[in-house]
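*Asks:* The sequence shown begins at 1 in the UniProt record's numbering and counts up one residue at a time.
In short, the hints are calculated from the structure, not lab data.
Fair warning: there could be bad hints in the mix.
Label-pair ranges, simulated between beta-carbon atoms [to be verified]:
#1 ARG197 with GLN131: 19 to 29 Å
#2 PRO241 with ASP210: 13 to 23 Å
#3 ASN96 with LEU149: 14 to 24 Å
#4 ASP73 with THR251: 12 to 22 Å
#5 THR202 with GLU76: 34 to 44 Å
#6 ASP210 with PRO100: 23 to 33 Å
#7 PRO84 with GLU193: 41 to 51 Å
#8 LEU235 with LYS78: 36 to 46 Å
#9 PRO218 with LYS78: 37 to 47 Å
#10 THR251 with VAL93: 43 to 53 Å
Once the Cα atoms are required to be at most 30 Å apart in a straight line, the calculated DSS-like pairs of lysine-lysine come out as [what the hints assert, rightly or not]:
#11 LYS39 with LYS72
#12 LYS42 with LYS191
#13 LYS42 with LYS72
#14 LYS72 with LYS54
#15 LYS78 with LYS54
#16 LYS217 with LYS191
#17 LYS249 with LYS42
#18 LYS249 with LYS191
#19 LYS191 with LYS39
#20 LYS42 with LYS54
In this text, a Cβ means the ideal position worked out from N, Cα and C, and glycines have one as well.
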Amino acid sequence: IFTMPFSQQTVFSKARSKSMVLGELSRVSRPCSPLDHEKALKAGWLKRQRSIMKNWQLRWFVLRTEALYFYKDQDESKAQGCIPLQGSQVNEVPANQDEPGRHLFEIVPGGGEKDRTGISHESFLLMASSQSDMEEWVRAIRRAIWAPLGGGVFGQHLEETMLYESQCGPQRLVPVLVEQCVCFIRENGLKEEGLFRAPGQTNHVRELQDAFDRGEKPVFDSSTDVHTVASLLKLYIRELPEPIIPFSKYTQFLSCAQRHWPKRKRKKKMWAEEGCQSLLHLCCEKHTSTHRFHQNTQVSAIFC
């Protein structure tokens, strides 16, 4: 059986899509049909590894809340199959030095059950054209899996996070992650040199991000590096789909200072999104506290 070299397929598919991911479903238990009115969470070209021949097959993948669907072509309306996501796990596959350029990840259904040999025969192996593209797919799929359970907070709309947390716990003004990070920084970092400027431990930031995305609530203790927590907070804010000041409110925000509305009226007119208002207030408060200790942190207001 002749298969087109991966490099040629990459060139071919890049002309058809901005997002290029290569992957396959090894086995589909039953056909699935996505709802036409449901908005796709992510879409792009994937290459899937077939279960029997083990060759790679280029397909158009569409991620929705309940499953990852794949189509023969971008314009096809009928899915060839799907990978159910409920109870599944997504893992990055370590790079193989003998096969460079393969950016692999797998979806393991049913909570990741494996046999005694450690091999999951149920896993669906996918390949991406680049490391960054693979990481984007892994984050998006994890968000689809864990968001209904309180996870997937990185890259999730602020109002969605606040809605879930308000239904499953005490009323909060900001997400648990933000509250936890800010409290830890207040208690341990206001006199730390380079706060919000010095980078944290990259691997630990990634571990904490993955834990929060799985719906867990990691505990910051005395051994936790304050720069790591600050980096985690910056990463969360940076990955919000919209800035803390929403696009729809940006012009009003700039002109707000030029108007002489009563305080309560100004607040009501400006903010329809309570979560955005609370998060902005907390960030400004954090900015003020950090600047107050700038002689210790060596961070001026411009870096806060």
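*Asks:* Evaluate each hint against the coordinates.
*Replies:* Hints, verified against the model:
no.	hint	verdict
1	ARG197 with GLN131: 19 to 29 Å	27 Å, holds
2	PRO241 with ASP210: 13 to 23 Å	20 Å, holds
3	ASN96 with LEU149: 14 to 24 Å	33 Å, violated
4	ASP73 with THR251: 12 to 22 Å	41 Å, violated
5	THR202 with GLU76: 34 to 44 Å	40 Å, holds
6	ASP210 with PRO100: 23 to 33 Å	25 Å, holds
7	PRO84 with GLU193: 41 to 51 Å	49 Å, holds
8	LEU235 with LYS78: 36 to 46 Å	39 Å, holds
9	PRO218 with LYS78: 37 to 47 Å	43 Å, holds
10	THR251 with VAL93: 43 to 53 Å	46 Å, holds
11	LYS39 with LYS72	20 Å, holds
12	LYS42 with LYS191	42 Å, violated
13	LYS42 with LYS72	17 Å, holds
14	LYS72 with LYS54	18 Å, holds
15	LYS78 with LYS54	24 Å, holds
16	LYS217 with LYS191	26 Å, holds
17	LYS249 with LYS42	26 Å, holds
18	LYS249 with LYS191	34 Å, violated
19	LYS191 with LYS39	46 Å, violated
20	LYS42 with LYS54	26 Å, holds
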